[in-house]
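Line by line, the protein sequences are chains V and H.
With this note's numbering, the residue at position 74 of the first sequence is 74, and numbering never jumps.
Plus 115 on top of the position in the second sequence (first one is 1) and you've got this note's numbering.
Keep in mind the hints are simulated off the structure, nothing from the lab.
Warning: the hint list may mix true and false statements.
As the list claims (entries may be wrong) - Subject to a maximum C-alpha distance of 27 Å in a straight line, what follows is the list of computed BS3-like cross-link-like pairs (lysine-lysine):
no., chain 1, residue 1, chain 2, residue 2
1, H, 175, V, 57
2, H, 220, H, 183
3, H, 220, V, 57
4, H, 175, H, 164
Next come the chains, spelled out residue by residue.
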Amino acid sequence: KAGVTQTPRYLIKTRGQQVTLSCSPISGHRSVSWYQQTPGQGLQFLFEYFSETQRNKGNFPGRFSGRQFSNSRSEMNVSTLELGDSALYLCASSLRLAESTDTQYFGPGTRLTVL
Amino acid sequence: GNSVTQMEGPVTLSEEAFLTINCTYTATGYPSLFWYVQYPGEGLQLLLKATKADDKGSNKGFEATYRKETTSFHLEKGSVQVSDSAVYFCALSSSSGNTPLVFGKGTRLSVIA
Chain V
1 KAGVTQTPRY LIKTRGQQVT LSCSPISGHR SVSWYQQTPG QGLQFLFEYF
51 SETQRNKGNF PGRFSGRQFS NSRSEMNVST LELGDSALYL CASSLRLAES
101 TDTQYFGPGT RLTVL
Chain H
116 GNSVTQMEGP VTLSEEAFLT INCTYTATGY PSLFWYVQYP GEGLQLLLKA
166 TKADDKGSNK GFEATYRKET TSFHLEKGSV QVSDSAVYFC ALSSSSGNTP
216 LVFGKGTRLS VIA
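Could you put the whole structure together from the sequences, leaning on the hints where they help?
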């Protein structure tokens with residue numbers, strides 16, 4: 001079974017631009033979560049989608065948004081990029097998060113560099 | 116709220132040494148506990164998990180036991196290899212489910228030949 005895929009793997013943008021990242025979950029998984037990883041803050045939760053609905057949201061500004069499509073693929077968008085948005089963005093999929101025993105499987109990440 | 120505390124790194128060991136990475140947690144109820152590993156330039160891979168007290172998760176020679184009485188989930192391996200060099204993250208999922216994973220800050224392990 002194919003794992004979680006994320007595209008693109010690397011991105012370089014300049015301040016003020018916007019960016020869209022894509023995530024394709026494992027087949028059959030309906031929950032997709034996004035995390036930001038930086039050396040200073042570690043892994044921080046952005047949001048989670050389940051069946052096209054945002055179910056949880058982390059403490060990030062409104063510049064960060066996401067959506068999920070009917071095939072469970074998800075995108076996240078960051079508008080008006082700032083230098084501090086440079087990070088590894090990780091996507092994780094799971095069958096559902098309604099049970100604590102559910103396991104999240106991560107993709108390889110998208111490395112975003114903002115100049 | 117829920118939280119995970121990991122021992123600070125980096126940890127440097129010689130090949131074949133014994134590894135312990137401490138992890139303690141704060142949570143209500145009975146969370147599920149996970150260890151993830153991140154190799155350079157890659158995403159997180161699930162290493163092992165335990166979903167109830169006294170469960171032992173194991174994979175690739177790594178083990179961790181869910182200790183409810185000490186709220187701990189320490190990662191151990193009897194003989195590390197250079198290929199084990201990576202960053203290790205302890206994480207929990209709350210017993211209520213439907214909430215995101217809570218991660219520790221990660222522990223970087225370097226194994227030298």
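Evaluated hints:
For a cut-off of 27 Å, the pair hint linking residue 175/H to residue 57/V is broken: about 34 Å separates their Cα positions. Proposed proximity of residue 220/H and residue 183/H is supported: the alpha carbons are some 21 Å apart, at most 27 Å. Straight-line distance between C-alpha atoms of residue 220/H and residue 57/V comes to about 20 Å, which keeps the hinted pair within the 27 Å bound. Between the alpha carbons of residue 175/H and residue 164/H the distance comes to roughly 13 Å, so the proposed pair stays at or under 27 Å and holds.
Figure legend: structure checked against the earlier numbered hints; the only hint not met is number 1.
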